[in-house]
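Novice: Going line by line, the protein sequences match chains B and E. Residue numbers are given in my numbering: position 151 of the first sequence equals residue 151, and the series is strictly consecutive. Residue numbers are given in my numbering: position 27 of the second sequence equals residue 27, and the series is strictly consecutive.
Honestly, the hints are just simulated from the structure, not real lab data. There's no promise every hint is true.
[Said to hold, decoys possible] Straight line, CA to CA, 30 Å or less: simulated BS3-like cross-link-like pairs of lysine-lysine:
{"hint": "1", "chain 1": "E", "residue 1": "K131", "chain 2": "B", "residue 2": "K55"}
{"hint": "2", "chain 1": "B", "residue 1": "K94", "chain 2": "B", "residue 2": "K141"}
{"hint": "3", "chain 1": "B", "residue 1": "K6", "chain 2": "B", "residue 2": "K38"}
{"hint": "4", "chain 1": "B", "residue 1": "K137", "chain 2": "E", "residue 2": "K131"}
[Stated by the list, open to error] Ranges of calculated distance between the beta carbons of each label pair, as one might list FRET restraints:
{"hint": "5", "chain 1": "B", "residue 1": "A134", "chain 2": "E", "residue 2": "S112", "range": "53 to 61 Å"}
{"hint": "6", "chain 1": "B", "residue 1": "Q83", "chain 2": "E", "residue 2": "E79", "range": "19 to 27 Å"}
{"hint": "7", "chain 1": "E", "residue 1": "R64", "chain 2": "B", "residue 2": "D66", "range": "23 to 31 Å"}
{"hint": "8", "chain 1": "E", "residue 1": "D56", "chain 2": "B", "residue 2": "E113", "range": "48 to 56 Å"}
{"hint": "9", "chain 1": "E", "residue 1": "G160", "chain 2": "B", "residue 2": "E44", "range": "41 to 49 Å"}
No residue lacks a Cβ here, since even glycine has one placed at the ideal position from N, Cα and C.
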Amino acid sequence: MRFAKKDIGQYLPEKEYIDTVVIPLVPFDPSSDKNMEKQAFLRELNQVFTNVIEKEYRGRIFLSPDYHYMSDGQDEEVERINQWIHHFREQPFKHIFLFTFDMKWKKYEKDIEGELIWVPGLQTGDLQSTETQAFVKEQAKEISELIQSYW
Amino acid sequence: MSDKKRVSRRQFLNYTLTGVGGFMAAGMLAPMVRFAIDPVLKTQEGGDMVSVASVDEITNEPQRFEWTIDQVDAWYESEVQKTAWVYRNDSDEIIALSPICTHLGCTVDWASNEEYPNQFFCPCHAGRYTKDGVNVPNTPPTAPLPVYQHEVRDGMLYLGDAISREGA
Chain B
1 MRFAKKDIGQ YLPEKEYIDT VVIPLVPFDP SSDKNMEKQA FLRELNQVFT NVIEKEYRGR
61 IFLSPDYHYM SDGQDEEVER INQWIHHFRE QPFKHIFLFT FDMKWKKYEK DIEGELIWVP
121 GLQTGDLQST ETQAFVKEQA KEISELIQSY W
Chain E
1 MSDKKRVSRR QFLNYTLTGV GGFMAAGMLA PMVRFAIDPV LKTQEGGDMV SVASVDEITN
61 EPQRFEWTID QVDAWYESEV QKTAWVYRND SDEIIALSPI CTHLGCTVDW ASNEEYPNQF
121 FCPCHAGRYT KDGVNVPNTP PTAPLPVYQH EVRDGMLYLG DAISREGA
């Protein structure tokens, strides 16, 4: 399920079945030329990943809107992320996963009130290439197995 | 000025009327012609058959085949990946089932649960379907898996739209 009118219409009456949220954590920093290209690539890669997972498990996983943040702001962001998580829990969602390629979150894992899934992403590449597609498929399968182990 | 080059009043009126009349006729006919050949100009949206696999690849065991189609809706044109579980049944007919669980739309897998090696299994809420795609009673799904329209041409399997079936 996504945050779209049609999906929400399906979600609300079937709430009891959809108990898992995936929140994509997407960093960006428009002040730095150096990082923009890489961050843009990782944002796209993140979307590809979460879309694959959402498509296979749409009857149980709700894909949250992306959580964007300035790439060095983890200290201040933890509190805001936890706010998101609290609001999702009120639905009630039972399992909350945060999906990111940004390794800086690893250090804050214990402060976050959801399960962090950090995947070392590709540094750069071509989303259309068969190599990237194989990588995404394989990793997405592993990740969904991880999520299933919580159900 | 010689007389030959002169255009008489009669000729002038003739030319003018033919010209104006021609324009009016064209103005009336163009939309009618456009209307008549409209189906030819229209771009196809769904409904057409796509070649998915060679017939030789299809066995008695359901296999997963994937292909992409262009989907156009009001705002986006996008490539959508489609999937089918395809096998030959006991009477040697090809069956192509949609993998979309009729409960809430997860993707079902063939024989992925060890306890039910001859059924389709939905990982989300343990919905099950028998090999012919009929939902197993007392599991969450309330309708069988949709069946793709199919066609065999030149040794290739073509799949069209998935047709929903009534609940068992």
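Novice: Taking the numbered hints from earlier one at a time, note which ones the structure violates and give those numbers from smallest to largest.
Specialist: Per hint list: 3, 5, 6 and 9 violated.
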